[in-house]
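Could you build the full structure based on these sequences and the hints that come with them?
Take the sequence shown: its position 64, counting from 1, is numbered 64 in full-length UniProt numbering, and each next residue is one higher.
If you are wondering where the hints come from, they were derived from the structure by calculation, not from laboratory data. Warning: the hint list may mix true and false statements.
Heads up, simulated EDC-like pairs for lysine to aspartate or glutamate below, C-alpha to C-alpha not over 20 Å straight-line [to be verified]:
(1) K43 / E111
(2) K48 / D109
(3) K48 / E113
(4) K75 / E55
(5) K48 / D110
(6) K34 / E71
(7) K48 / E90
(8) K43 / E55
(9) K43 / E90
(10) K43 / E113
(11) K43 / E24
(12) K48 / E24
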Amino acid sequence: MRVISQHGNVDLPYEQIVVCHAMENVIALYNGEKYVLGEYSSKEKAYKAMEMLREAYVGMPIVMQNVAISEDVAKEFEGLKKCGVMVQTENQPSRVDFISNAIFQFPQDDEIEV
1 MRVISQHGNV DLPYEQIVVC HAMENVIALY NGEKYVLGEY SSKEKAYKAM EMLREAYVGM
61 PIVMQNVAIS EDVAKEFEGL KKCGVMVQTE NQPSRVDFIS NAIFQFPQDD EIEV
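The following block contains the structure:
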């Protein structure tokens, strides 16, 4: 997943960064550098923005082809808010693909309600 800063001037791969808050800011650490992803009027809004990022990440879809899953696994996907597509096709191998081409842009301060 790509993470875009609030102002659009930073674009980083989520799987390779550390995201944290510094008071009212959300920052990313990447290759030893610090990048501001969002600036907010309160710590609560910064926390909420980070929560929105996590929700976007766990909501990325999964595609399963010829995979039999148990009822427990189906419930786990539901609990994680995963959306998925299950396909049964003849003469094809089983496979699971995680769709990771999602984009999350940090919202503006006035777009967050706490």
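Subject >> Given pair status - E55, K75, alpha carbons within 20 Å >> reply: holds, 18 Å
Original post:
Going straight from one Cα to the other, do K48 and D110 come out at no more than 20 Å?
Top reply: holds, 12 Å
**OP:** Starting from K43, check that the Cα of E90 is at most 20 Å away, please.
**Re:** It is violated: about 53 Å lies between the C-alpha atoms, which goes past 20 Å.
Original post:
Does the alpha-carbon distance linking K34 and E71 stay inside the 20 Å limit?
Top reply: Roughly 43 Å between the alpha carbons, so the hint for K34 and E71 is violated.
Original post:
Is the Cα-Cα distance between K43 and E113 20 Å or less?
Top reply: holds, 12 Å
Original post:
Can the restraint linking K48 and D109 be considered satisfied, given a maximum Cα separation of 20 Å?
Top reply: Roughly 10 Å between the alpha carbons, so the hint for K48 and D109 holds.
Original post:
Given the proposed pairing of K48 with E113, does the C-alpha separation stay at or below 20 Å?
Top reply: holds, 8 Å
**OP:** Take the C-alpha atoms of K48 and E24, compute the straight-line distance between them, and say whether it is at most 20 Å.
**Re:** Roughly 11 Å separates the two Cα atoms, so the pair holds.
Original post:
Quick one, are K43 and E55 close enough, alpha carbons at most 20 Å?
Top reply: Measuring from Cα to Cα gives roughly 18 Å; hence the hint holds.
Original post:
Regarding the pair K43 and E24, is the alpha-carbon distance no greater than 20 Å?
Top reply: This hinted pair holds, its Cα atoms lying about 5 Å apart.
Original post:
Holds or violated: are the alpha carbons of K48 and E90 at most 20 Å from each other?
Top reply: Violated: K48 and E90 sit about 45 Å apart, past 20 Å.
**OP:** Given the hint that K43 pairs with E111, test it: the Cα-Cα distance must not exceed 20 Å.
**Re:** The given pair, whose Cα atoms are some 15 Å apart, holds under the 20 Å limit.
Checked against the numbered hints above, the structure breaks hints 6, 7 and 9 and satisfies the rest.
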